[in-house]
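Trainee: As a plain string of letters, each chain reads:
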Amino acid sequence: MTEKNKNILISILFIILGGFVYIESLNIKHMMHNDVGSAFFPKMVAAVTIVISGVKLAFSLKNGKDETKSKIKGDLAGGWITILLLSVYVLIFAPVGFIISTTVYLFLQMFVLCPKDKRKIPFLGIISVATPLFIYTLFVYVINMPLPKGIFGF
Amino acid sequence: MIMQAISMIFNPFCLLLILIGVIIGIIFGAIPGLSATMALVLFLPMSFGMDPMNGIALLVGLYLGGISGGLISVILLKIPGTPSSIATVFDGGPMADRGEAGKALGVAILCSFIGGLLSIFALMFISPYLAKITLMFTSAEYFAIAVFSLTIIASLSGDSLINGVLSGLLGITLALVGLAPIDGARRFTFGQSQLYGGFDTVVILIGVFAVADIIISGFNRKDIVSDAEKMPYNLKGFGISAKELMSHWYNILRSSLIGLGIGILPGIGGSTASLLAYTAAKNGSKYPEKFGTGILDGVIASETSNNAVIGGSLIPLITMGIPGNVATAIFLGGLTIHGISPGPLIFQKSGQYVYGIFIALIVANIFMIICERAGLRIFVKLLDIPKYILLPIVMVCCVLGAYFANFNIFDVWCVVIFGMVGLLFKTLKIPSTPLIIGFILGSMTEENLRQALMQSGGNWSIFVTRPISLVFLIVAVLSIVLPIIKKNKLKKAKSSL
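From first to last, the protein sequence lines are chains A and B. Just add 3 to wherever you are in the first sequence, counting from 1, and you've got the working numbering. Just add 101 to wherever you are in the second sequence, counting from 1, and you've got the working numbering.
Derived from the structure by calculation, the hints contain no laboratory data. Keep in mind that this is a model prediction, so the values were computed, not measured. For each residue, glycine too, the CB sits at the ideal point set by N, CA and C. Some clues are possibly wrong.
Simulated restraints, written as ranges between beta carbons of each label pair [unchecked claim]:
hint	chain 1	residue 1	chain 2	residue 2	range
1	B	R478	A	A80	32 to 42 angstroms
2	A	N37	B	P568	23 to 33 angstroms
3	A	G57	B	L280	29 to 39 angstroms
4	A	H36	B	S108	51 to 61 angstroms
5	A	L12	B	I467	45 to 55 angstroms
6	B	V576	A	G57	24 to 34 angstroms
7	A	V91	B	P568	51 to 61 angstroms
8	B	M102	A	H36	51 to 61 angstroms
9	B	L483	A	G128	27 to 37 angstroms
10	B	T437	A	V58	47 to 57 angstroms
11	A	H36	B	L529	38 to 48 angstroms
12	B	N321	A	V143	31 to 41 angstroms
13	A	Y144	B	L483	52 to 62 angstroms
14	A	K152	B	V576	32 to 42 angstroms
Work the whole structure out from these sequences, hints included.
Mentor: Structure (structure tokens):
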């Protein structure tokens with residue numbers, strides 16, 4: 004994506020955000036007589052957001068051709084798999100329980116990040132099991148702060 | 102009374118309690134999701150059963166240790182263990198990335214000690230006078246302070262001011278979610294009961310800084326191994342020479358005063374103090390462009406000021422019985438249960454305990470610097486763990502931090518969502534710091550704006566007719582206009598060359 008397109012994208016995203024906040028705040032009820040109301044501040048913030056992103060949009064459109072492309076470095080697979088693992092982890096965190104979800108997440112995430120020549124499965128496995136057990140003992144039994152038990156009851 | 106206080110504090114059991122308090126406090130401060138407040142809550146019942154001075158000494162140790170412990174995780178893992186360490190991330194994080202974690206930690210510990218000590222002395226000698234001035238602050242003044250603090254965004258926006266402002270506006274927008282101040286109207290909750298309480302600062306902080314960082318390292322996983330080879334370091338003392346430290350004396354003094362001032366004002370808190378001190382250091386610096394790239398000045402400003410808040414926040418508590426934050430409110434509970442009622446008469450009624458608190462604070466501060474310095478080598482060893490092992494474990498800590506904020510699974514999901522927002526911001530080159538500032542200050546701005554307008558019957562002139570408010574607003578305008586003029590002058594000078 005060129006810098007120019009990036010700026011246009013930012014402006015449009017924020018104009019949409021501002022518009023959404025403004026429309027939503029029309030529904031906020033005014034409750035007290037001598038108060039400006041709970042809709043006042045959101046409307047103000049939304050209006051400022053729209054004006055500023057509008058100015059940015061105008062500037063970015065006016066600026067002539069800009070061909071400086073920002074390169075997307077790095078490896079897309081590693082990034083997307085990390086996002087996927089994270090999302091699945093937080094979704095199963097409560098239903099499956101802390102210990103199991105964390106063990107599975109830790110193992111897979113380490114496997115993904117670890118370079119191929121250093122992947123020692125037993126070693127990664129031991130860390131993935133030991134870490135959640137240690138954390139669970141520390142929080143649940145020592146500090147007395149509950150963690151999700153999940154379907155298996157531990 | 103002073104001698105009586107000294108003899109109460111300097112008995113072995115009381116000293117041991119302070120030491121235990123400091124160590125537990127540091128641990129609570131360093132682990133994301135656990136905070137100084139939580140440590141105080143957990144140990145408050147235990148302190149009830151003790152002799153008054155011993156109980157109070159334990160609480161003092163916990164409070165002081167909890168506030169300063171946050172610097173460890175913020176520098177090493179970029180997770181602010183407590184919100185008051187937020188500004189330390191800007192320069193402490195990059196220093197650790199460069200292999201200078203030991204130095205950053207050493208200096209942060211030393212500055213926490215100095216900031217804490219200066220504020221304790223202020224508490225001892227000038228507290229009654231300061232307390233009187235703060236009584237004159239009404240919501241108009243608080244609104245003006247909030248507006249002034251928001252102008253920080255302008256100087257923390259990096260290359261693009263407009264992107265920074267938009268990021269700050271998104272932060273303010275996020276702060277709108279939940280029950281509105283004053284009348285409690287539901288806003289932007291979309292029928293979801295989890296949103297009634299709004300987002301938690303810790304959740305946004307962890308998401309935007311730590312989780313976004315972990316996702317980005319997933320995209321750069323090939324570089325992860327070379328990063329793991331840290332340069333060797335040889336750390337003596339605190340990683341800074343006396344001469345170098347002296348060259349920062351003005352920054353230290355200014356940051357302490359800012360921390361002290363913010364601490365005295367109820368309801369603002371350490372995170373704003375560290376942001377304000379950071380900005381003041383940046384604006385007053387000869388090399389403002391280096392801020393955010395990992396320089397000591399930033400770490401010094403943030404860590405000195407957030408510890409100076411401790412002494413400051415105890416001033417209104419002891420002299421007027423007004424707790425300025427949750428931690429001091431619990432502290433107040435601890436005092437009253439032992440029959441010590443803070444207020445103007447406290448020096449006459451329970452003078453020995455007041456002096457006891459002062460001495461306990463100094464002792465706790467000394468224990469803090471000893472414990473943290475002794476643990477420094479162990480803390481830095483954390484970074485020797487290969488990143489492909491460390492990062493997933495840090496991620497688990499992030500999830501825990503979010504979960505413990507409210508024992509709510511919804512917050513855990515939010516942490517990942519804000520991680521994605523942080524990633525999007527990085528890709529689009531929008532600075533994420535203003536988002537946090539906007540979020541922290543958004544509700545304070547709105548609440549005081551509305552309260553002030555209610556007092557004045559809707560008359561906006563209240564903000565310019567009250568002198569303290571006017572001064573803050575003028576400074577706010579100047580702090581935006583002056584840098585722009587300076588920049589334009591530089592541009593003109595460059596183009597005429």
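Trainee: For each hint, tell me whether it holds in the structure or not.
Mentor: Going down the list of hints, with the structure as the test:
no. : hint                                    : verdict
1   : R478(B) <-> A80(A): 32 to 42 angstroms  : 38 angstroms, holds
2   : N37(A) <-> P568(B): 23 to 33 angstroms  : 25 angstroms, holds
3   : G57(A) <-> L280(B): 29 to 39 angstroms  : 31 angstroms, holds
4   : H36(A) <-> S108(B): 51 to 61 angstroms  : 59 angstroms, holds
5   : L12(A) <-> I467(B): 45 to 55 angstroms  : 54 angstroms, holds
6   : V576(B) <-> G57(A): 24 to 34 angstroms  : 29 angstroms, holds
7   : V91(A) <-> P568(B): 51 to 61 angstroms  : 58 angstroms, holds
8   : M102(B) <-> H36(A): 51 to 61 angstroms  : 52 angstroms, holds
9   : L483(B) <-> G128(A): 27 to 37 angstroms : 22 angstroms, violated
10  : T437(B) <-> V58(A): 47 to 57 angstroms  : 54 angstroms, holds
11  : H36(A) <-> L529(B): 38 to 48 angstroms  : 44 angstroms, holds
12  : N321(B) <-> V143(A): 31 to 41 angstroms : 35 angstroms, holds
13  : Y144(A) <-> L483(B): 52 to 62 angstroms : 24 angstroms, violated
14  : K152(A) <-> V576(B): 32 to 42 angstroms : 53 angstroms, violated
Going through the hint list in order, the structure does not satisfy hints 9, 13 and 14.
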